[in-house]
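Protein chains: 2
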Amino acid sequence: MMDINNAIESLDWSKEPKGLYEPIGYTLASGGKRIRPTLAMIASALFGGKEEEVLPAALALEVFHNFTLLHDDVMDRAEVRRGRPTVHVKWNDNTAILSGDQMLIEAYKLLSKVPADKLPQVLQWFNDMATGICEGQQYDVDFEQMKEVSIADYMKMIELKTSVLLAYALKIGGYIAGASPSQQEALYQFGLHIGLAFQIQDDILDVYGDPKTFGKAIGGDICCNKKTFILLTAFEKADAASKEELQKWLLVSDQNQEKIAAVTALYDRLGVRAAGEAAMEEHTALALAQLDTLPQNEATAQLRSLAERLATRKK
Amino acid sequence: MMDINNAIESLDWSKEPKGLYEPIGYTLASGGKRIRPTLAMIASALFGGKEEEVLPAALALEVFHNFTLLHDDVMDRAEVRRGRPTVHVKWNDNTAILSGDQMLIEAYKLLSKVPADKLPQVLQWFNDMATGICEGQQYDVDFEQMKEVSIADYMKMIELKTSVLLAYALKIGGYIAGASPSQQEALYQFGLHIGLAFQIQDDILDVYGDPKTFGKAIGGDICCNKKTFILLTAFEKADAASKEELQKWLLVSDQNQEKIAAVTALYDRLGVRAAGEAAMEEHTALALAQLDTLPQNEATAQLRSLAERLATRKK
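As they're listed, the protein sequences go chains Y and A. Okay, so the first sequence: first residue is 31 according to our numbering, each after it adds one. Okay, so the second sequence: first residue is 31 according to our numbering, each after it adds one.
To be clear, the hints were calculated from the coordinates, so they are not data collected in a lab. Just to be clear, a hint being listed does not mean it is correct.
The list makes no distinction among identical chains, and a pair is therefore deemed to hold if it is satisfied within one copy or across any two copies.
[As the list claims (entries may be wrong)] List of simulated lysine-lysine pairs, BS3-like, C-alpha gap at most 27 Å:
(1) Lys246 / Lys48
(2) Lys45 / Lys186
(3) Lys80 / Lys148
(4) Lys63 / Lys45
(5) Lys278 / Lys246
(6) Lys48 / Lys177
(7) Lys186 / Lys48
(8) Lys257 / Lys63
Model the full assembly from the supplied sequences, consistent with the hints where possible.
See the structure below:
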């Protein structure tokens with residue numbers, strides 16, 4: 031399979047006005063796993079699709095994903111992304127807003143190169159995907175202000191915020207290569223479940239990851255009271271006394287190391303790690319089961335290996 | 031012709047999450063002249079197009095235009111738009127960014143309903159239009175920091191920032207209704223020139239408008255040293271002494287009434303009003319000349335009347 035990184039690097043951002051295009055090139059050059067375009071390419075390969083036919087959509091998905099990171103970083107006031115200053119820090123907020131807008135338009139420019147007979151359907155799905163991401167982001171913001179969030183609400187949020195982009199990447203890749211509607215649906219469900227498994231694993235690693243391999247500080251979600259699968263499960267499993275203790279720690283903001291240790295101990299007592307791992311493994315299994323309904327070839331093997339790697343990753 | 035306002039009002043924004051969609055409904059309900067969708071509808075009518083075939087593109091253009099206003103207001107820190115608090119004031123910056131992003135996606139959702147055989151071309155033009163607007167916005171920002179801006183650079187900027195949206199509204203409307211390539215180009219040029227005439231007239235009215243009818247305070251551009259057609263023409267026409275006087279006033283920021291009076295007197299001496307009116311009339315004439323190459327019917331008469339109204343407007 032062609033190197034998706036080369037294809038991304040060959041996009042030209044040396045255009046005028048520089049103030050608009052340089053931050054786009056900067057954002058796209060910062061690396062990342064390129065998981066979304068890779069999924070689209072694998073899904074296409076699974077049905078013997080031509081690489082040049084799926085590539086525009088694959089690139090559109092990656093540019094779109096990086097657009098969401100750019101605007102999210104402004105909204106979250108994040109200062110570092112992949113080890114480099116974020117666009118609003120290196121330039122300013124207005125540049126991040128406007129170059130982000132252009133990046134979203136650039137995604138649609140790439141998408142417009144999808145084979146004409148496939149374009150109406152792909153554009154519709156791409157729009158549904160993009161809408162899901164914005165809705166997921168809004169729910170995430172809303173949850174910060176809400177006292178009680180159910181695990182079901184949380185799963186719906188991460189489905190929108192993380193999973194639909196993976197799911198549509200696979201579905202669009204398969205569709206362009208000629209997958210049948212039921213095969214498209216299997217790809218979609220595979221993406222949905224690996225996305226959910228990925229996010230739950232992320233929530234587990236924030237508490238139980240090895241600081242040497244995780245790459246981020248452990249306990250970041252605990253410090254800022256982020257409503258993760260782990261915290262929400264703890265609330266669900268806790269008796270009145272444990273709930274009270276947890277609530278007490280949520281009000282603490284100036285003793286982070288002590289807070290992380292105490293909340294982790296509480297998590298240990300409640301057995302939320304096992305609950306998280308069970309949920310993660312359930313979604314991985316649901317994803318893998320979808321693959322059984324698809325043609326078995328090298329691409330299917332790649333998807334299987336990807337799902338298994340996600341489930342056992344340490345970072 | 032159908033009432034475009036009704037069509038805009040019938041778009042449903044009562045969806046969840048409310049934090050995402052309410053600001054979109056609020057923005058679209060704030061009125062405005064609906065000039066862009068109207069141009070698309072007239073261009074379609076000119077070629078006997080079916081209203082329901084052009085309507086999705088017409089609505090997409092209006093939603094897109096309002097998206098640009100929403101994000102521009104954040105970037106300009108504008109507090110009032112059409113007599114109401116802007117979204118970032120009524121809600122907050124993050125809401126304005128995220129709801130704006132969704133609004134841009136909503137424009138593409140509407141666009142996806144364009145007849146499938148016309149969609150690839152319309153999507154490409156829509157993307158070119160959207161890119162032009164972002165580039166124009168960036169040049170406008172760049173010009174604020176530049177010491178010297180030529181009138182040619184300024185015209186290029188307002189062409190991108192204002193005219194291409196009008197031009198593509200007409201071209202897309204005509205194309206969907208079956209206009210030939212040369213007719214599409216005539217519509218495009220008509221839109222380009224009425225846009226330029228409109229912006230130059232705006233620059234003139236800021237100095238010479240009647241405060242009773244203009245709706246905004248007179249001299250706003252003078253106070254903030256905005257590089258308008260009028261200011262750039264003044265620099266071009268000024269001798270060394272006048273140039274020095276003008277430079278001196280640009281450094282003044284605390285005596286606005288005195289500054290407006292002095293700069294206006296300088297403009298009077300240099301005859302920039304007449305130069306502005308000549309340029310405005312030239313672009314109006316160039317626009318009207320395009321209409322001669324098109325079928326002559328009620329729609330052509332509407333475009334003619336619109337161009338003439340723009341050239342003689344007082345607000």
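Against the structure, the hints come out as follows:
1. Lys246 / Lys48: neither (33 Å within a copy, 33 Å between copies)
2. Lys45 / Lys186: between (40 Å within a copy, 16 Å between copies)
3. Lys80 / Lys148: Both: 14 Å inside a copy, 25 Å across copies.
4. Lys63 / Lys45: Close inside one copy (26 Å), not across copies (34 Å); limit 27 Å.
5. Lys278 / Lys246: within (26 Å within a copy, 54 Å between copies)
6. Lys48 / Lys177: between (45 Å within a copy, 18 Å between copies)
7. Lys186 / Lys48: Between copies only: 16 Å across, 39 Å inside.
8. Lys257 / Lys63: Answer is within; shortest intra-copy Cα gap is 25 Å, inter-copy 45 Å.
In terms of the numbered hints stated before, the structure departs from hint 1 and from no other.
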